[in-house]
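> Below are the chains, spelled out letter by letter.
There are 2 protein chains.
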Amino acid sequence: MSAPRPQAEGELAAAPVPAPAPRRHSGELGSTQASQRLLAYSDALLSIIATVMILPVAHTKIHPDQKLGESVQQLLLTKIAVYLMTFLIVTVAWTAHVRLFQVIVLIDDVLALLNLACMMLITFLPYTFSLMASFPGIPFGIFMFSTCAVVIGLIQAVIVAYGFYHPYLLNHQIQVSENQAFYKHRILQIILRGPVLCFLAAIFSFFFFPMSYVLLGLVIFLPHITRLIIWCKNKTIGPKEDEESHRLEAFTFYLNDPLSKERVEAFSDGVYAIVATLLILDICEDNVPDSKEVKDKFHDRLTEALSEYGPNFLAYFASFVTTGLLWFVHHSLFLYITKATRFMGLLNTFSLAFIGGLPLAYQLTSEFAEKSPNEIEAIQVSCVITFFASIFQFAIWITALFHERETLHPLVRYGGKEHAFMFAKLALYPCVSLGAFFLTCLLSKFSTAIFHIMQIVVPFAFMALRILVKISLAIMKSMLSLSRRKNVVLDEEETCLSPAETLS
Amino acid sequence: MSAPRPQAEGELAAAPVPAPAPRRHSGELGSTQASQRLLAYSDALLSIIATVMILPVAHTKIHPDQKLGESVQQLLLTKIAVYLMTFLIVTVAWTAHVRLFQVIVLIDDVLALLNLACMMLITFLPYTFSLMASFPGIPFGIFMFSTCAVVIGLIQAVIVAYGFYHPYLLNHQIQVSENQAFYKHRILQIILRGPVLCFLAAIFSFFFFPMSYVLLGLVIFLPHITRLIIWCKNKTIGPKEDEESHRLEAFTFYLNDPLSKERVEAFSDGVYAIVATLLILDICEDNVPDSKEVKDKFHDRLTEALSEYGPNFLAYFASFVTTGLLWFVHHSLFLYITKATRFMGLLNTFSLAFIGGLPLAYQLTSEFAEKSPNEIEAIQVSCVITFFASIFQFAIWITALFHERETLHPLVRYGGKEHAFMFAKLALYPCVSLGAFFLTCLLSKFSTAIFHIMQIVVPFAFMALRILVKISLAIMKSMLSLSRRKNVVLDEEETCLSPAETLS
Numbered sequence: 001m002s003a004p005r006p007q008a009e010g011e012l013a014a015a016p017v018p019a020p021a022p023r024r025h026s027g028e029l030g031s032t033q034a035s036q037r038l039l040a041y042s043d044a045l046l047s048i049i050a051t052v053m054i055l056p057v058a059h060t061k062i063h064p065d066q067k068l069g070e071s072v073q074q075l076l077l078t079k080i081a082v083y084l085m086t087f088l089i090v091t092v093a094w095t096a097h098v099r100l101f102q103v104i105v106l107i108d109d110v111l112a113l114l115n116l117a118c119m120m121l122i123t124f125l126p127y128t129f130s131l132m133a134s135f136p137g138i139p140f141g142i143f144m145f146s147t148c149a150v151v152i153g154l155i156q157a158v159i160v161a162y163g164f165y166h167p168y169l170l171n172h173q174i175q176v177s178e179n180q181a182f183y184k185h186r187i188l189q190i191i192l193r194g195p196v197l198c199f200l201a202a203i204f205s206f207f208f209f210p211m212s213y214v215l216l217g218l219v220i221f222l223p224h225i226t227r228l229i230i231w232c233k234n235k236t237i238g239p240k241e242d243e244e245s246h247r248l249e250a251f252t253f254y255l256n257d258p259l260s261k262e263r264v265e266a267f268s269d270g271v272y273a274i275v276a277t278l279l280i281l282d283i284c285e286d287n288v289p290d291s292k293e294v295k296d297k298f299h300d301r302l303t304e305a306l307s308e309y310g311p312n313f314l315a316y317f318a319s320f321v322t323t324g325l326l327w328f329v330h331h332s333l334f335l336y337i338t339k340a341t342r343f344m345g346l347l348n349t350f351s352l353a354f355i356g357g358l359p360l361a362y363q364l365t366s367e368f369a370e371k372s373p374n375e376i377e378a379i380q381v382s383c384v385i386t387f388f389a390s391i392f393q394f395a396i397w398i399t400a401l402f403h404e405r406e407t408l409h410p411l412v413r414y415g416g417k418e419h420a421f422m423f424a425k426l427a428l429y430p431c432v433s434l435g436a437f438f439l440t441c442l443l444s445k446f447s448t449a450i451f452h453i454m455q456i457v458v459p460f461a462f463m464a465l466r467i468l469v470k471i472s473l474a475i476m477k478s479m480l481s482l483s484r485r486k487n488v489v490l491d492e493e494e495t496c497l498s499p500a501e502t503l504s
Numbered sequence: 001m002s003a004p005r006p007q008a009e010g011e012l013a014a015a016p017v018p019a020p021a022p023r024r025h026s027g028e029l030g031s032t033q034a035s036q037r038l039l040a041y042s043d044a045l046l047s048i049i050a051t052v053m054i055l056p057v058a059h060t061k062i063h064p065d066q067k068l069g070e071s072v073q074q075l076l077l078t079k080i081a082v083y084l085m086t087f088l089i090v091t092v093a094w095t096a097h098v099r100l101f102q103v104i105v106l107i108d109d110v111l112a113l114l115n116l117a118c119m120m121l122i123t124f125l126p127y128t129f130s131l132m133a134s135f136p137g138i139p140f141g142i143f144m145f146s147t148c149a150v151v152i153g154l155i156q157a158v159i160v161a162y163g164f165y166h167p168y169l170l171n172h173q174i175q176v177s178e179n180q181a182f183y184k185h186r187i188l189q190i191i192l193r194g195p196v197l198c199f200l201a202a203i204f205s206f207f208f209f210p211m212s213y214v215l216l217g218l219v220i221f222l223p224h225i226t227r228l229i230i231w232c233k234n235k236t237i238g239p240k241e242d243e244e245s246h247r248l249e250a251f252t253f254y255l256n257d258p259l260s261k262e263r264v265e266a267f268s269d270g271v272y273a274i275v276a277t278l279l280i281l282d283i284c285e286d287n288v289p290d291s292k293e294v295k296d297k298f299h300d301r302l303t304e305a306l307s308e309y310g311p312n313f314l315a316y317f318a319s320f321v322t323t324g325l326l327w328f329v330h331h332s333l334f335l336y337i338t339k340a341t342r343f344m345g346l347l348n349t350f351s352l353a354f355i356g357g358l359p360l361a362y363q364l365t366s367e368f369a370e371k372s373p374n375e376i377e378a379i380q381v382s383c384v385i386t387f388f389a390s391i392f393q394f395a396i397w398i399t400a401l402f403h404e405r406e407t408l409h410p411l412v413r414y415g416g417k418e419h420a421f422m423f424a425k426l427a428l429y430p431c432v433s434l435g436a437f438f439l440t441c442l443l444s445k446f447s448t449a450i451f452h453i454m455q456i457v458v459p460f461a462f463m464a465l466r467i468l469v470k471i472s473l474a475i476m477k478s479m480l481s482l483s484r485r486k487n488v489v490l491d492e493e494e495t496c497l498s499p500a501e502t503l504s
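Those protein sequences? They're chains V and U, same order as listed.
Taken in order, the first sequence gives residues 1 to 504; the numbers are from the UniProt record's numbering.
Taken in order, the second sequence gives residues 1 to 504; the numbers are from the UniProt record's numbering.
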């Protein structure tokens with residue numbers, strides 16, 4: 001769903017039609033191509049496959065009289081496990097893919113076909129998770145998964161080997177580097193780390209398969225554990241000098257720019273887009289009245305028949321608004337992020353995993369709208385999902401603020417003109433969802449209708465946010481002046497925090 | 001699923017990490033942003049919503065003993081109509097969206113929120129089509145659709161008005177132009193043409209609703225009909241001189257670059273990606289064996305239980321390979337296309353509409369694999385879908401060849417080095433699907449298994465294609481020399497057609 005676009009110009013003098021850049025070399029390198037569209041397509045595939053497994057969760061039929069508390073525990077737990085495992089493993093595969101194509105920047109037909117083969121196996125992984133979740137006692141599911149992962153690793157290793165055999169496909173920095181072998185070793189190490197663990201898991205699945213699950217968990221968290229250990233070691237005993245200098249070259253290339261910001265955005269867009277569009281499927285399949293019923297019961301008055309589905313439409317629009325606005329917040333945030341560190345990428349993954357849960361929230365609130373005993377629980381689940389999706393977005397910003405010189409645009413750094421406004425934008429959804437959650441505890445009359453209307457009203461809050469931020473800053477200022485603090489301090493505050501511009 | 005990426009460099013000296021361009025203006029224009037990511041997200045949403053309505057078609061349960069011929073006619077026809085209408089209308093909406101954001105190149109928060117509101121209504125359109133298809137005799141469905149379309153048009157008009165009220169958001173060419181009012185008038189005309197027709201359709205729906213359907217059809221084909229009439233008029237009575245000069249400025253801006261190639265690619269990627277990933281959903285929901293059955297019937301031997309689903313897995317991989325390779329052909333084609341004319345865009349839409357039908361092909365061939373009476377019909381439907389998807393790709397190329405100076409890269413023009421190879425690439429799928437179709441007529445033993453194995457073998461044909469093209473060119477050459485034609489002609493042929501490069 002994406003294509004190479006010309007880089008942001010940031011100037012008013014935008015050319016009306018960007019001239020297409022020549023993408024091919026002539027002569028002997030004639031079959032190489034720029035890799036943007038391949039990467040965009042891969043991002044689309046990976047983000048959809050990561051998210052789409054929420055559908056079996058959302059479509060689990062829960063009997064309206066059944067207590068939601070139990071049914072969530074019994075029916076949904078395995079399916080949610082499949083969804084989360086798929087999401088996390090696909091994210092790991094995506095990270096390896098990003099790394100791989102940071103090294104190989106040009107492609108040809110062979111690489112394109114190898115990449116498609118890789119994608120085919122990755123899209124098959126959810127099935128192996130379904131087997132694991134349905135038959136937790138039979139090791140065949142995890143064996144199948146491990147085999148797929150090993151084959152994916154081998155294909156990616158072939159891609160690396162092919163790339164280093166045709167060095168004109170490589171990143172310029174590696175191409176001119178004297179120790180290409182070191183880079184090759186390093187990238188193979190990053191790519192094959194997971195598959196080697198999976199190979200062990202496949203072997204263990206024959207005689208002691210709980211060990212396989214441990215190894216599987218290790219695949220997901222290994223990169224972050226390694227980082228944590230290195231970080232702790234550096235904090236406690238200080239960095240090793242000789243090792244540091246040895247790894248300097250690798251450092252500048254891999255670790256300083258851990259994830260390509262463009263691909264993080266592309267992957268996130270995919271998740272938000274698929275979540276926003278999955279909702280209409282349910283509406284179209286479940287909420288079109290039966291034509292026979294309309295004839296007999298409503299005497300061909302379709303509007304009357306449709307009015308029964310009113311709560312579902314409300315739920316649909318409310319869910320779309322929530323998804324759309326969370327994308328909007330993500331978009332605003334990443335406009336100002338200049339570099340996505342590995343930890344920010346992890347937080348983004350967690351946020352997206354909860355975004356992927358929004359179809360479940362829609363399903364619950366629209367199914368239990370009719371004063372069923374589960375109505376309050378359904379709203380609470382929705383609030384929790386929205387809260388975690390938005391609080392992880394907030395956490396990305398907080399993390400970025402810790403290294404604001406490298407990661408943030410000057411305008412939103414502490415003291416920047418947009419700082420307070422960005423803070424308000426990111427804090428809005430956590431506050432609203434938390435507020436709604438506590439309202440469900442306090443008010444016994446709280447209903448899904450009120451909840452959905454709350455969701456639909458939020459965009460107006462966003463539109464008024466700039467004004468609200470200004471007013472609250474003015475109030476803060478006047479309170480400060482009432483307490484008669486020194487003028488110097490006041491002036492400092494003013495220059496630091498007030499967003500001096502308006503929407504116009 | 002996409003994000004702004006740095007434009008293709010086409011040089012070996014690719015910078016390792018593209019420096020993020022500053023996307024914001026300081027000072028009074030502080031709240032404006034580049035629109036790339038908004039457009040990428042909109043493309044993702046629109047392409048998914050265009051394609052996703054194939055799912056209700058594919059999930060229609062057909063009784064295995066029922067004759068497919070009848071059931072296709074009765075059960076599927078309304079759903080296929082919904083799918084095609086959705087696809088075409090969403091494409092029209094997408095075209096208007098492309099035009100709109102060729103005029104407005106920078107966005108701010110208000111425009112982003114307005115655009116999301118627009119997207120929300122567009123994603124709701126499939127529901128109105130479901131109503132129309134289920135209740136063809138009740139005009140409420142078309143009234144609802146028309147109302148949505150009018151509201152979408154109004155929101156887009158507000159976006160235009162907002163853009164022209166804040167001219168720094170506009171395209172540079174319009175910004176410096178002296179008759180901005182003319183441009184405003186022109187873009188409003190393009191955007192409101194559809195909604196005005198829909199408004200009429202809404203009025204007609206109260207007293208004579210067949211007229212509404214006629215107007216609806218007009219919305220889809222009006223731009224192309226207008227073009228055709230102008231083209232015919234120019235051919236027969238010659239272009240009007242004064243009108244031509246009056247429209248010159250508009251011409252250079254709107255008609256010379258009818259659709260942004262990047263957005264055509266982005267929209268196509270979305271369709272291919274969603275089709276490739278929808279398949280796994282079916283596999284995960286239908287082909288995980290029941291745990292009780294495995295215990296009783298297979299004594300916990302999961303592999304035996306799974307072997308029953310063998311044909312489904314084969315069908316899955318075959319369908320993924322077909323989708324992936326059709327994307328690969330599309331990708332190869334658009335690498336060499338420098339400009340996408342309006343007619344090429346239309347052909348691309350038709351191709352994508354059939355690509356969207358591939359999940360149906362998968363469903364049919366995997367459901368009727370077990371020697372059912374419908375097996376041959378299922379294969380034939382699959383062949384027809386694949387054939388049309390690929391023949392429209394081929395037609396894009398043929399159309400491009402007619403104006404090859406403007407639309408094609410020199411390498412693939414007639415006589416270019418890659419011409420023959422591109423021809424072979426594009427002709428492969430039409431030939432294979434046509435061949436398979438005729439095989440089903442000739443051989444009584446042709447089965448889905450053979451069909452799927454054929455599909456899986458095709459990538460190897462692609463890999464060997466360069467060699468095959470070379471061999472066939474050599475054979476052509478030797479045949480020509482056998483017939484002892486003049487050496488001069490021979491030499492010409494040689495320079496014209498032989499692809500002089502190899503994969504290495």
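In short, the hints are calculated from the structure, not lab data.
These numbers were taken from a predicted model, which means no experiment stands behind them.
You may find that some hints are simply not true.
One copy or any two copies: either way a pair holds, since identical chains are not told apart in the list.
[Claimed, not checked] Simulated crosslink set (EDC-like; lysine to aspartate or glutamate; CA at most 20 Å straight-line):
#1 233 with 290
#2 295 with 406
#3 417 with 290
#4 470 with 108
#5 470 with 404
#6 417 with 109
#7 295 with 308
#8 233 with 404
> Each hint should be assessed against the structure and marked as holding or not.
Status of the hints after comparison with the structure:
Neither within a single protomer nor between protomers do residue 233 and residue 290 lie at most 20 Å apart by alpha-carbon distance, with minima of 66 Å and 49 Å respectively. Proximity of residue 295 to residue 406 under the C-alpha cut-off of 20 Å is found in neither arrangement, the shortest distances being 66 Å within a copy and 58 Å between copies. Proximity of residue 417 to residue 290 under the C-alpha cut-off of 20 Å is found in neither arrangement, the shortest distances being 56 Å within a copy and 59 Å between copies. Proximity of residue 470 to residue 108 under the C-alpha cut-off of 20 Å is restricted to the inter-copy arrangement: shortest distance 18 Å between copies versus 54 Å within a copy.
For the identical chains of this complex, residue 470 and residue 404 are neighbours neither inside a copy (24 Å) nor across copies (57 Å), given an alpha-carbon limit of 20 Å. Proximity of residue 417 to residue 109 under the C-alpha cut-off of 20 Å is restricted to the inter-copy arrangement: shortest distance 16 Å between copies versus 48 Å within a copy. Proximity of residue 295 and residue 308 under a CA criterion of 20 Å is satisfied intra-copy only: 15 Å inside one chain copy versus 43 Å between copies. Proximity of residue 233 to residue 404 under the C-alpha cut-off of 20 Å is found in neither arrangement, the shortest distances being 24 Å within a copy and 62 Å between copies.
Violated hints for the displayed structure, listed by number in ascending order: 1, 2, 3, 5 and 8.
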